[in-house]
Structures are given as C-alpha cells and as structure tokens.
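Line by line, the protein sequences are chains A and B. Take my numbering: the last position of the first sequence gets the number 125, and nothing is skipped along the way. Take my numbering: the last position of the second sequence gets the number 118, and nothing is skipped along the way.
Read the hints as simulated data drawn from the structure, not as lab findings. Computed from a predicted structure; not experimentally measured. Virtual Cβ for every residue (Gly too), placed ideally from N, Cα, C. Be careful, since some hints might not be right.
[What the hints assert, rightly or not] Selected chain B positions facing chain A (in silico; Cβ < 7 Å):
{"hint": "1", "residue": "F14"}
{"hint": "2", "residue": "Q16"}
{"hint": "3", "residue": "G45"}
{"hint": "4", "residue": "E46"}
{"hint": "5", "residue": "F49"}
{"hint": "6", "residue": "L50"}
{"hint": "7", "residue": "R113"}
[Unchecked claim] In silico lysine-lysine, DSS-like type, Cα no more than 30 Å apart, as pairs:
{"hint": "8", "chain 1": "B", "residue 1": "K75", "chain 2": "A", "residue 2": "K64"}
{"hint": "9", "chain 1": "B", "residue 1": "K72", "chain 2": "B", "residue 2": "K18"}
{"hint": "10", "chain 1": "A", "residue 1": "K64", "chain 2": "B", "residue 2": "K18"}
{"hint": "11", "chain 1": "A", "residue 1": "K64", "chain 2": "A", "residue 2": "K20"}
{"hint": "12", "chain 1": "B", "residue 1": "K5", "chain 2": "B", "residue 2": "K72"}
{"hint": "13", "chain 1": "B", "residue 1": "K5", "chain 2": "B", "residue 2": "K75"}
[Stated by the list, open to error] Here are a few chain B residues that sit away from chain A, every Cβ distance over 12 Å (derived from the structure):
{"hint": "14", "residue": "S44"}
{"hint": "15", "residue": "T62"}
{"hint": "16", "residue": "M91"}
Single-letter residue listing:
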Amino acid sequence: KAGVTQTPRYLIKTRGQQVTLSCSPISGHRSVSWYQQTPGQGLQFLFEYFSETQRNKGNFPGRFSGRQFSNSRSEMNVSTLELGDSALYLCASRRTGSGSYRNTGELFFGEGSRLTVL
Amino acid sequence: AQKITQTQPGMFVQEKEAVTLDCTYDTSDQSYGLFWYKQPSSGEMIFLIYQGSYDEQNATEGRYSLNFQKARKSANLVISASQLGDSAMYFCAIPISNFGNEKLTFGTGTRLTIIP
C-alpha cells in the first residue's frame, strides 16, 4: 500500500514569508503527527491531529499551525518565517489515535519536506 | 520530562560484523515503550523495533534485537551481520509523557557507516 506522502519535498523561502506543507497519510490512518528535525535541536514533536482535531501540541510558537481534513490529509503552516525554521519537516501517520503501540502499530513516516529559509 | 541519550555520534563497522548502538533513557513513567528508527539519506524514518517496559523477553525483529536492561534504563540496539544498506542514522525514542505512543521524544542519533 502507498506510504505517507509529503509535498513539496524541497522548498526555499525568505524570511517573513509563510509556507504550507502537505501530508497524505496511509489509507485508513486517522492520526497524523508532525515533527521538525534540525541539526541543532534534533527531532522535535510539533503537533498531532486525529479526526480533524488537534489533540496535542509541542513546545513551538503560535507561528506553527496545522489542520486536518475529513480525508485525514493534513497541512501545517509556518507564518513569518525565520532563519531558524530551516529544517526537515516530517509527517507520520498511525492507524488509530490512541492506545498502546501493540494495539495500534507504529508510526509510519514520510520522507519529509526540506525547508530552507534565506 | 522524558530524555533519550545516544552517546555515539558516529560508528564505522566492517560489513558482516555485528554492531551495538547505545541508548539510555530517563522517564518517570512506570509503563512505557522504547522505539528504534532508522533514517537513511532519503529522510524517511523507518520503524525497526519496539520494546515494552514490562516485556519479559528482549525484542527481536530479524537481524535487529534489543538488549533491554530496565534497571539501568538502557535499550541498546544490536544489528547482526551488518550490510551496506544498514548505513544510516539510527534514533532511539520514547513516548512523551502524558501523550500517547505516537508522540515521541528522540535521541540525537548515531550515524552508522558500514565499510565494505
């Protein structure tokens, strides 16, 4: 079956602009999480959506936002871009939104969207 | 807060040899799980193996196994008979407390290079 698809794969923006990244989860997966990966901070949890609702959010400023559509596809938006927002943004989907790993399986990640802010 | 420590930033291993990647963790949760993911240069995080804190046996998945020592809060990944395709970044992860198993705290990773 098709994996998690993220678009675009690469993009370049300038400071002050905004960006929208898209994630299509594996068919049937209703939970979508977003992570930011940078050389300095490593992998950090951004937020998680389930059934179109944001259930949890990591320690990021309000410039980072997201949403989930009825088909479980998700978008994240970063407004007023800063140089430090340059990162690989990874999306992950999971079969259900809660419960232990044994009941719901592991996170499946996409290949990420690599954002460069100039 | 949960914390994962991976002390080996990089490792070089001869092909076909076994390799152990270290991971120690800190958590106040009584019940938790530990994950290992592989990240090749393509960027995708690939799930390798999971260990539950109350599992009586160490987890195994093909060539991957976990050396889980709960009292020492250690969950080292062992890759047997390494292959060139094993060259990648490897991350140990633990669920963020009060969230679910889908929200993880990751270590800084170990870059493994397999030498032919």
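Taking the hints in turn, this is what the structure says about them:
Against a cut-off of 7 Å between C-beta atoms, the interface hint on F14 (chain B) is violated, since the closest Cβ of chain A lies about 20 Å away. Violation of the interface hint for Q16 (chain B) is found here, the shortest Cβ-Cβ separation to chain A being roughly 28 Å, above the 7 Å cut-off. Nearest Cβ of chain A to the Cβ of G45 (chain B): about 4 Å, under the 7 Å cut. The hint holds. Of the supplied interface hints, the one on E46 (chain B) holds, with its beta-carbon coming within about 4 Å of a beta-carbon of chain A, less than 7 Å.
Interface restraint check: F49 (chain B) against chain A, minimum CB-CB distance 4 Å, threshold 7 Å, status holds. Because the closest C-beta pair between L50 (chain B) and chain A is about 9 Å apart, greater than 7 Å, the hint is violated. Violation of the interface hint for R113 (chain B) is found here, the shortest Cβ-Cβ separation to chain A being roughly 12 Å, above the 7 Å cut-off. With a C-alpha separation of about 27 Å, the suggested pair K75 (chain B) and K64 (chain A) falls inside the 30 Å cut-off, and the hint holds.
With a C-alpha separation of about 29 Å, the suggested pair K72 (chain B) and K18 (chain B) falls inside the 30 Å cut-off, and the hint holds. The suggested pairing of K64 (chain A) with K18 (chain B) is violated, with an alpha-carbon distance near 42 Å, which exceeds 30 Å. The hinted pair formed by K64 (chain A) and K20 (chain A) meets the criterion: a straight-line CA distance of about 24 Å does not exceed 30 Å. Taken as a hint, the K5 (chain B) and K72 (chain B) pair is honoured in the structure, with Cα atoms around 15 Å apart against an allowance of 30 Å.
Proximity of K5 (chain B) to K75 (chain B) is assessed by CA-CA distance (about 11 Å); at most 30 Å being required, the pair is judged to hold. Annotated as non-interface, S44 (chain B) brings its C-beta within 12 Å of a C-beta of chain A; the closest such distance is 5 Å. Residue-level check passed: T62 (chain B) sits 16 Å from the nearest beta carbon of chain A, beyond 12 Å. With a least CB separation of 10 Å from chain A, M91 (chain B) falls inside the 12 Å interface cut-off, contrary to its annotation.
Hints 1, 2, 6, 7, 10, 14 and 16 from the list above are not met by this structure, while the remaining hints are.
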